[in-house]
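Undergrad: Protein chains in written order, with the numbering used here: chain A, 46 to 155; chain B, 46 to 155.
Hints were generated in silico from the structure; no laboratory data involved.
A couple of the hints might just be wrong.
[Said to hold, decoys possible] Footprint (simulated), chain B over chain A, 3 or more residues, beta carbon under 8 Å:
#	segment
1	72–86
2	89–98
3	123–131
[Stated by the list, open to error] With beta-carbon atoms standing in for the labels, derived distance ranges:
#	chain 1	residue 1	chain 2	residue 2	range
4	A	85	B	75	19 to 29 Å
5	B	122	A	47	37 to 47 Å
6	B	98	A	49	20 to 30 Å
7	B	115	A	129	17 to 27 Å
8	B	81	A	130	50 to 60 Å
9	A	73	B	85	38 to 48 Å
10	B	111	A	122	35 to 45 Å
11	A	73	B	122	42 to 52 Å
12	B	48	A	81	13 to 23 Å
13	A	115	B	106	45 to 55 Å
[Unchecked claim] Computed far set for chain A versus chain B, every beta-carbon distance over 10 Å:
#	residue
14	58
15	106
16	107
17	147
Note that CB positions come from ideal geometry on N, CA and C, so glycine has one too.
2 protein chains.
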Amino acid sequence: MTDTLSRTFSALADPTRRAILARLSAGEATVNELAEPLPMSLPAVSRHLKVLEQAGLITRGRTRQWRPCRLEAKPLEDVAGWVAAYRRFWDDGFDRLEEHLRELQGRTDG
Amino acid sequence: MTDTLSRTFSALADPTRRAILARLSAGEATVNELAEPLPMSLPAVSRHLKVLEQAGLITRGRTRQWRPCRLEAKPLEDVAGWVAAYRRFWDDGFDRLEEHLRELQGRTDG
C-alpha cells in the first residue's frame with residue numbers, strides 16, 4: 046500500500062526515468078526511440094517505463110506494434126502542489142528577512 | 046553514486062518523512078517532539094531522520110542533549126525548479142488550448 050505521492054517521488058528518484066520524462070515532454074515516442082540515446086538494454090528501458098506507467102507518469106498507446114509513450118502531467122502537478130507549500134523558505138523575501146534578523150541578532154549579541 | 050535530485054526524491058518517497066518536514070516547516074523540533082505524534086518507535090523515527098539528513102533536507106543541532114532538527118529547503122527548491130519545467134502541461138491555458146485543438150480535430154473528423 047504505497048500512497049500516490051510516494052509512488053510518484055519513488056518513480057522520479059532515478060536519472061534515467063527523469064530523462065525519459067524530459068524526452069516525452071517534447072512529444073510521444075516509442076520504446077525504441079526512447080532507448081536510442083540511453084546507455085542500456087531495451088529490457089532495462091522497458092523496466093523503467095513500467096515504473097513510470099505504474100506511477101501514472103506516462104501512458105502507452107493501445108496499438109500492438111507501435112505503442113507510443115505519452116507524458117501524463119497530473120502526478121507532476123501534485124508534486125508541484127506539494128513543494129509549493131515550502132516556497133516561503135527559499136523565496137528572496139524570506140532569505141532577506143532571515144538575513145536581516147541574523148544581523149539584528151548579531152548586534153544584540155555583540 | 047546517487048545524484049542529488051534522485052536522493053532528494055527518494056527521501057521524499059515516504060509519508061512519514063514528508064510529515065516530519067511538514068512539522069519542521071513550523072519550526073525546529075527535537076527527535077522526541079517529532080516522534081510524539083507518529084505511530085512508530087523512536088529508533089524508527091531516527092532512521093527516517095537519518096535519511097532526511099543524508100539528503101540534506103534537515104540538519105541537526107550540535108548540542109549533545111538537545112539536538113533540534115531543522116528544515117533545509119535547498120533540496121526542495123531544486124525539486125520545485127525541476128518540476129517547473131513541466132508546468133505548461135497543467136496550466137489552465139495549456140488545458141484550454143488542448144481542449145480547443147481536440148474540438149477542432151473532432152470537427153475535422155466528423
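Undergrad: It remains to establish, for every hint, whether it holds in the given structure.
TA: The hints, checked one at a time:
1. 72–86: With 0 residues closer than 8 Å to chain B, the segment 72–86 of chain A misses the three-residue bar; violated.
2. 89–98: As far as the segment 89–98 of chain A goes, the hint is violated, because 0 residues have Cβ atoms under 8 Å from chain B.
3. 123–131: With 7 residues closer than 8 Å to chain B, the segment 123–131 of chain A meets the three-residue bar; holds.
4. A:85 / B:75: 19 to 29 Å: violated, 44 Å
5. B:122 / A:47: 37 to 47 Å: Given a distance of about 26 Å, which is not inside 37 to 47 Å, the answer is violated.
6. B:98 / A:49: 20 to 30 Å: holds, 26 Å
7. B:115 / A:129: 17 to 27 Å: Given about 21 Å between the Cβ atoms, the range holds.
8. B:81 / A:130: 50 to 60 Å: violated, 22 Å
9. A:73 / B:85: 38 to 48 Å: Taking Cβ atoms as reference, residue 73 (chain A) and residue 85 (chain B) lie about 43 Å apart, which means the hint holds.
10. B:111 / A:122: 35 to 45 Å: holds, 40 Å
11. A:73 / B:122: 42 to 52 Å: violated, 31 Å
12. B:48 / A:81: 13 to 23 Å: For residue 48 (chain B) and residue 81 (chain A) the Cβ distance comes to about 22 Å; the hint holds.
13. A:115 / B:106: 45 to 55 Å: 47 Å Cβ-Cβ, so the 45 to 55 Å window holds.
14. 58: violated, 4 Å
15. 106: With a cut-off of 10 Å, residue 106 (chain A) remains clear of chain B, as the shortest Cβ separation is near 16 Å.
16. 107: The claim stands: residue 107 (chain A) keeps its Cβ more than 10 Å from every Cβ of chain B (closest is about 18 Å).
17. 147: holds, 14 Å
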